[in-house]
Structures are given as structure tokens and as C-alpha cells.
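K.L.:
Below, each chain spelled out in residue letters.
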Amino acid sequence: MILFPMTATVRYRGREVTVEAGTSVKQAIQMLGLSLEGVVAKVGNKLVTEDYRLKEGEVLEIISAISGG
Amino acid sequence: MRCSKCSKQAIIHLRSYRLALCEEHFIERFKQMVKRAIKDYRLLSKKDRVLVAVSGGKDSLALWDVLLELGYEAEGLYIDLGIKRENYSELSKRKALAFAEQRGARLRVVDLGEEYGVTIPKLARRSTRSVCGVCGIVKRHEMNRIALEEGYTVLATGHNLDDEASVLLANLLRWNTELLARQAPRLEAWHPKLRPKVKPLCLLTERETATYAIARGIDYVYELECPFSEGATSITMKEALNRIEERSPGTKLYFYREFLKRRSMFALPEERGEAIECEVCGFPTTSQRCAFCRLVA
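Those sequence lines, one after another, are chains A and B.
Each residue of the first sequence is one higher than the one before, starting from 1 at the first, in the working numbering.
Each residue of the second sequence is one higher than the one before, starting from 1 at the first, in the working numbering.
Calculated from the structure, these hints are not laboratory results.
Computed from a predicted model, the values in this text were never measured in an experiment.
Please note: incorrect hints may appear among the correct ones.
[Claimed, not checked] Sample of chain B residues facing chain A (criterion: CB under 10 Å; computed from the structure): (1) H13; (2) F26; (3) T205; (4) I214.
Built from N, CA and C at the ideal position, the CB exists for glycine as well.
Next comes chain A alone, as it looks inside the complex (with noise of 0.2 Å):
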């Protein structure tokens, strides 16, 4: 019998990358090479904090906040 793991997806600038469920809005955002400090994070419609776990089949959105110019 074949397992597959549970998984979630985080995006970030229009790109989709998978990671397992569990994994947390911290470890999403620095897997990225991002800092906490410059982004916020949304699953569906809510605001999430840093601890966030993603369920299975969760979208976490990552939005830039930084502007520049």
C-alpha cells in the first residue's frame, strides 16, 4: 500500500510550491528566503500568524509587503 503524504500549497508572487501539512507559516516563509518582517500571510480569506499550521489541501497565500521606488 502506497502512502502519500498529506500536503499543502503556499504561493507566493503568482508561483505554487507544495509542502507537507503541518508544515508552519514560519517555515513557509523562510523556506522562501523571506523575512517575517516584510510579508503577511493569509489562508483563504484570514489572516494567519507565524505558528499557523497548514491543514491538508490549505492554500497559504504570502504577500509582499514591502514597496520600494
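Mind docking chain B on chain A? Use the hints.
P.N.:
Coordinates of chain B only, in the frame set by chain A:
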């Protein structure tokens, strides 16, 4: 993570304050921080008619929203810079108009193409200045022009703590003491035709303004930055400061506030040449034509 003030789910963790806040308490705190900046740095009074420079991005829309919530007479000005790349101007204008309609607030729109037959990319090609430099001249001129024509008493921009701290860092690294002496949450007008310019979001980070905008349901241009801002020094400075902030929460705010207390130690700028009026637009300048009119001529 639970809100530090109630048992609801937190939407933001403010490490520098050791505080986690739910939506309700975060919005309340955001407004308090704007009120604090206005009070501490004497930015505005309720008698002011405020012209808010609106770009369609999170900071300017958050600023406009919070000023309206706090009961200020605040109207918006959107300047269509004619940036077609990535449909930037069109998208940002749409967001600004949608916000104004939703809030029942007045938004003045100035289209550079219609008004002067130019766009920022076109002006930048003609000039030796950087695109951002050209854009700054244009926006300042038009903000002051509209304020004068329509009787606004103060200009407000959405500059936040990250903007201020990154400019401060850049100026310190280059020891640009003249610019350091001129950096402040309120810039006074040096001529009757100009207006003071204030930054009520100066104590709030970009992360906080983004969170406020999302929590308030403000539809802003997510991650659609001005295409000319790619590689900007300000982004490099902000990223560096964010890394420091991660390791040492509270650094950005301390850096900025302590600088403001010590600002007078930097050399004052040399006396401006006697101001005359631009032969084209009548705005103050030290030469026959102001920088704006030399650009658009």
C-alpha cells in the same frame, strides 16, 4: 496564537511590542499609533483640509482610510503617471477610484498625459535624472498645485516607518547631512504657495499597513509595484533592516524615533537662493523656470 487583549485568534504578531492582536484590537491599535504620530509630531489638526496623495497602493489607501475614520476632512489626489508597463497606472487608478467610491470620498484625478501631454517614462527619457527623481518632481509640483487651487491646507503621504528608516539608513551610509537635516514627519512649507507635507503612518511598518488594509477590506494593488522601482536602493535598505529587525525586534522604531530627537545635530541646509516665481507656472523656484516646467517644456 491568541490576541493579547482577548481570547480571539490573532491576525498579527508584533514582536517588537511582544503583542499578538486580533482584527478588532489591531485596527484599534493602528488608529492609536496614527493618533500618536499626529500628536507627537504635530502633524494635523481637525481644522485642516487634508489632500492625501493616493497611488492605489496599501499605504496611501490605508492612510486615507484611517484619516477618514479619525474624522479628518481628507480628500484624495491620484496622479496618472502614464506608466503603461504591466498596466501599472491603469490598475492603480482603478483601485483608487474604487476606494473613493466605496467610502463616499472625493478623489481628484490628474492625468499627466491630458494635462501636459507627457508621461513619466517620456520625461525620464528626456532628463538626466533618474526615473524616481523625475517622478518626485512631478508629484510634488502637482500636489502643491492642486492644494493651492482647491484650498487644501496640508498634504499627506503614506510614507511609513520602513520608508523613513530606509531613507535614514541610506542617508547615514552616505553621510548626506543636508538630507538628514531635512528628514522629518512634517515638512514645513517654505513659501506661501506651497503646503506642509505630513506622514501620519511614520510609526507603523509596512507589514502593519498591509495588515490594516487587508483587515479593513481595502482592495489595493497587491504586489504590483511601480515597474521602475525594481532594484531601487530603498528596497535593499528595507530588506537589510527587516533582517536586523528579525533578530532585534524594535530596532526600526528606535532607530527612527531617536534620530528625530537628534536631528538638529546635522548641519542645516545652506540658505536657499531668493525664491522667485517660475515664469511658466508661478510656483517658487530659484531659477527662471522651476524643475517641473523645465521637465515638461
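K.L.:
So, for every hint listed, does it hold in this structure?
P.N.:
Now for the hints, and whether the structure bears them out:
1. H13: holds (5 Å)
2. F26: holds (9 Å)
3. T205: Holds, because the Cβ-Cβ distance from T205 of chain B to chain A comes to roughly 7 Å (cut-off 10 Å).
4. I214: holds (6 Å)
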